[in-house]
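With chain D fixed as given, assemble chain C with the ligands onto it according to the hints.
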Amino acid sequence: MSKQFQFKLVLLGESAVGKSSLVLRFVKDQFDDYRESTIGAAFLTQTVTLEDQTTVKFEIWDTAGQERYKSLAPMYYRNANCAVVVYDITQTTSLEKARTWIRELQRQADPSIVIALCGNKSDLSARRQVTQEEAKKYAEEEGLMWGETSAKSGEGVSDIFTAIAKKLPQTAAPPKAGGAARSGAAASRAGVDLNKQSNALGGQNEPCNC
Amino acid sequence: MDEEYDVIVLGTGLTECILSGLLSVEGKKVLHMDRNDYYGGDSASLNLTQLYRKFRPDQSPPAELGRDRDYAVDLIPKFIIASGELTKILVHTDVTRYLEFKQIAGSFVYRDGRISKVPSTEMEAVKSPLMGLFEKRRAKKFFEFLQNWKDDDPVTHQGVDLDKNSMKEVYEKFGLEPGTQDFIGHAMALYLDDDYITKPARNAYERIVLYTSSMARYGKSPYIYPLYGLGELPQSFARLSAIYGGTYMLDKKIDEIVTDGEGKFIGVRSGDETVKAKQVIGDPSYFGAGKTADGGKLRVVEDGKVVRAICLLKHPIPGTDDSDSVQIIIPQNQVNRRNDIYIAMVSSTHNVCAKDVYVAIVSTIVETQHPEQEIAPGLQLLGPIYDKFVSTTPLYTPVGSGEADNIFITRSYDATSHFETVVEEVQDVWKRVVGKDLVLKKREVAVEA
Ligand SMILES: Cc1cc2nc3c(=O)[nH]c(=O)nc-3n(C[C@H](O)[C@H](O)[C@H](O)COP(=O)(O)OP(=O)(O)OC[C@H]3O[C@@H](n4cnc5c(N)ncnc54)[C@H](O)[C@@H]3O)c2cc1C
Ligand SMILES: Nc1nc2c(ncn2[C@@H]2O[C@H](COP(=O)(O)OP(=O)(O)OP(=O)(O)O)[C@@H](O)[C@H]2O)c(=O)[nH]1
Ligand SMILES: [Mg+2]
Numbered sequence: 001m002s003k004q005f006q007f008k009l010v011l012l013g014e015s016a017v018g019k020s021s022l023v024l025r026f027v028k029d030q031f032d033d034y035r036e037s038t039i040g041a042a043f044l045t046q047t048v049t050l051e052d053q054t055t056v057k058f059e060i061w062d063t064a065g066q067e068r069y070k071s072l073a074p075m076y077y078r079n080a081n082c083a084v085v086v087y088d089i090t091q092t093t094s095l096e097k098a099r100t101w102i103r104e105l106q107r108q109a110d111p112s113i114v115i116a117l118c119g120n121k122s123d124l125s126a127r128r129q130v131t132q133e134e135a136k137k138y139a140e141e142e143g144l145m146w147g148e149t150s151a152k153s154g155e156g157v158s159d160i161f162t163a164i165a166k167k168l169p170q171t172a173a174p175p176k177a178g179g180a181a182r183s184g185a186a187a188s189r190a191g192v193d194l195n196k197q198s199n200a201l202g203g204q205n206e207p208c209n210c
Numbered sequence: 001m002d003e004e005y006d007v008i009v010l011g012t013g014l015t016e017c018i019l020s021g022l023l024s025v026e027g028k029k030v031l032h033m034d035r036n037d038y039y040g041g042d043s044a045s046l047n048l049t050q051l052y053r054k055f056r057p058d059q060s061p062p063a064e065l066g067r068d069r070d071y072a073v074d075l076i077p078k079f080i081i082a083s084g085e086l087t088k089i090l091v092h093t094d095v096t097r098y099l100e101f102k103q104i105a106g107s108f109v110y111r112d113g114r115i116s117k118v119p120s121t122e123m124e125a126v127k128s129p130l131m132g133l134f135e136k137r138r139a140k141k142f143f144e145f146l147q148n149w150k151d152d153d154p155v156t157h158q159g160v161d162l163d164k165n166s167m168k169e170v171y172e173k174f175g176l177e178p179g180t181q182d183f184i185g186h187a188m189a190l191y192l193d194d195d196y197i198t199k200p201a202r203n204a205y206e207r208i209v210l211y212t213s214s215m216a217r218y219g220k221s222p223y224i225y226p227l228y229g230l231g232e233l234p235q236s237f238a239r240l241s242a243i244y245g246g247t248y249m250l251d252k253k254i255d256e257i258v259t260d261g262e263g264k265f266i267g268v269r270s271g272d273e274t275v276k277a278k279q280v281i282g283d284p285s286y287f288g289a290g291k292t293a294d295g296g297k298l299r300v301v302e303d304g305k306v307v308r309a310i311c312l313l314k315h316p317i318p319g320t321d322d323s324d325s326v327q328i329i330i331p332q333n334q335v336n337r338r339n340d341i342y343i344a345m346v347s348s349t350h351n352v353c354a355k356d357v358y359v360a361i362v363s364t365i366v367e368t369q370h371p372e373q374e375i376a377p378g379l380q381l382l383g384p385i386y387d388k389f390v391s392t393t394p395l396y397t398p399v400g401s402g403e404a405d406n407i408f409i410t411r412s413y414d415a416t417s418h419f420e421t422v423v424e425e426v427q428d429v430w431k432r433v434v435g436k437d438l439v440l441k442k443r444e445v446a447v448e449a
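Chains as they are written, first to last, in the UniProt record's numbering: chain D, 1 to 210; chain C, 1 to 449.
This is chain C alone, in the form it adopts within the complex:
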């Protein structure tokens, strides 16, 4: 360990692995460490033994759940938006050759006590109970307006300025009912709360376009998912990093972030060894998250909490046409909350559990002292729950930007249902670490003999 590196990366979560991979491709000498003996950190997928060890250290998994190795249970519930930014990174870096993806079979939304499919075809839309006949006509006009929008063609603007008019004003222009607004803002634009309504409509417009183009890409839902679970994503980027010369050390205790008199980064100490590098990137857990101070210095602060319940079911979720995978969104207004409740379910189709087992994760941003009660409306939709693992996780955000001390800390994985914010985070950290925008270059194609 006496070599000196350009960058040490701490933690093998998805954000860190993408950064590590891209930095190695860029030619940086990277040392990537993790205190755990598995890849993925908070974005790992666990087998049954690991799952029980994490949540119920005193209990071993029941035999009737089947083989340990058939399981890859995600710790954070997220899907990949088909036309989103993560897909672009996956394709550009060519890590798609390590991965195989399947569609998520359907996206559902909760309305007036029941769930309905977000239509993915015109047939489904015409039959959808989500809107009455007249409302459907109004909605059609609204979607046509968005679809036809061209920035440089004022005729398509119909008097709307996306950068000035709020989304509320746009909804009102088309006379959309509150229920339709909930549907569009939460089930399509994927906002977690209603703050977007009073803001300029541009962002909502972009999100709806992203949703519909992703829906159009493969047909059933706007989401795709990697076989063997989300934990495959960090692993594939770690391999990219290793192939470009990155060195991996798992199961390595990190005892200290060593700094000089001015607080600038020098290296990382593990036991009595210290590895030096110019910069360090890491997830909040390596920088005092959960503790008041790390060597007297506060580096990360808590910024809300998320409650997640990993539920093992022996049946598909009722009312979803026996779909092998779904997302269900419960818009906040429907259950008198400020934040939406999400359900993400996958199954053996995605090689994440034994046959006839379904893994559903119910999650939301915590608003009260009783997080588990907050997700009750989601749990109720699942039918009988075979087993349930509930956790409340703080979300951490760094205090400094890292430019002054060469310590770059990433944010915790948020409550959104997809990876768009993870990619934003990657771009943001990259810019601070490298000093320029992340530009995805085409990779050399591997030698084919």
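Bound-form chain D, shown alone:
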């Protein structure tokens, strides 16, 4: 039997650096030149199979506009096993923004979180403002993974997610059906499942049939 792991991955970064595009490329292998922020998906999932046949399922949380005015909820970071902090290689300011997100993660998130710094839009290298050396040096100093991607061409996208999958400690519990992956939570007794049909008597309070 091959092993299966599930991890929560959060995306962070300035607006328009290509966070949603990266997920779309990774999850559906698509790209859209004129895309609006993701609408209607609580989170996306994608599975990576490693060489030893271990499968790693990512539950990917996109910021859905809550980061625009720095209004992410603690719930967003909670129990995140890994974070991909994205900048746009054609915008120096977006790397500055990435640095503030990384500081925020180091302050708020679980200390064991795996952080990857990702320079997106590598297809636009003619307009490059952020050099590879600069970003790589910063990543090394902070102990982050680093890579460049192009959501447009697909270059580097699966590499960065696979690299994260390899780095994650493969000791976490197997995936739980429904609900977010809770790694560190020392659940002494099981929670309740609201979606389960109620066994209420009498039939007055019919569970909603959804």
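Treat the hints as calculated values from the structure; they're not laboratory data.
All figures in this text were calculated on a predicted structure; none of them were measured in a lab.
Be aware that a few hints might be false.
[Unchecked claim] SDA-like cross-link-like pairs, simulated, lysine to any residue; straight-line CA separation at most 20 Å:
1. C:K220 to D:K70
2. D:K70 to C:N36
3. D:K97 to C:M249
Same frame as chain D, now just chain C with the ligands:
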């Protein structure tokens, strides 16, 4: 900020976040703002630093309480009724995927100086000291009557008309003692006072059925509770709103509700920027609560006060079998009051505090000039209290319905122990804002690759 919105929502309390989420799902363009840098407003859960900053600005939390981030202390004590309306909204909107719930381990009731568990199994009921043998038989008949009731089958009515006969008459029909009536009306129907007794029995019937079906759902108590505290609830609905295109701005000072010559809503001013929208929804604190008038216009009035004491304990509550979470109800008659005293306790099982710490909130509706003395019977049940944060909060209610000026103000969180009234409020505001009843539609299931 030069875009124009359909709705601006002010404050990220639970009521506002549910509305914001549902409005975004409906396709409205929503801007949601809060003056605080955290989600939840009055229904937030605070970490230790935030808790001390709020109640004791000049003192930092003692180190022995443990790590700041282990804490999520609720400001309002409420539990979710397992088969209640909030559960339905949680399931329909699919926000359950952001949340994890656990049961509250037990529900207790105070009677003649001691607390007893509200029975959740037949075994417990048979052993329960709450009633004598003969009274138990009478009670059994009463519960069977309620359970068998069918509106369209007069045989099950036993001569009672739930819409005409008062609850008093129903109690008398089954010969139930005053103590049993207290137990049923307060610990099961969850009435805060005795006004219900003289009213038609229908509402009490519905509440008892809700209680028993919720009890039957998971087994230990009729309540469930989200891991990491109640503050997770507004956050999860805020995320729903954001996913459907809602924009969030926390830590934003709101300086003025801008209106036209006729008093109709135009926009919201923050500093020298004004954002426009067709409608505004917000909690009372954004509309002059606590001040006499907002730009000459009175928009909210005070409608009573609630006193709440957040107590940190180093032990479970005595007499509760070391339960990790409980509700204790002290019916008003038992302590010569008009309103019940409630205790809600949660602990590290729910990821709201460090291990071996227990957070109990004692609350009641204020009846005198000395609110803290009023909750003394509740505080006495807790054993030694490590630290205590007491506050008296006014409850505000809007003066207008909002239909005339497009300003829709929500009510403060009341003293009930659950969220049923919050959902009623959501439905009520929705109807006024959207112009039709709230119908929960099934959401598209998220893409699974
Ligand atoms: C204090 C108390 C004493 C009871 N004494 C007896 C007894 O002596 N013999 C007996 O057969 N049954 C007794 N019952 C009821 C019994 O526990 C069952 O609730 C009843 O048999 C119906 O079973 P059910 O599975 O349909 O539960 P439900 O009808 O779903 O009952 C669930 C809840 O209803 C409440 N409840 C139900 N019946 C009573 C009752 N008679 N009095 C107060 N609350 C009630 C309890 O909170 C219980 O947890 C008692 C219940 C309580 C609370
Ligand atoms: N050329 C190029 N354009 C890209 C790439 N990735 C994203 N884009 C474009 O950049 C724009 C923004 O991309 P999004 O994916 O919406 O960015 P985002 O970070 O999710 O933005 P917010 O949701 O506003 O935070 C879109 O027009 C994309 O088509 C890329 O790798 N190369
Ligand atoms: Mg996006």
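query: Which hints, by number, does the structure contradict?
result: Result: hint 1 breaks, nothing else.
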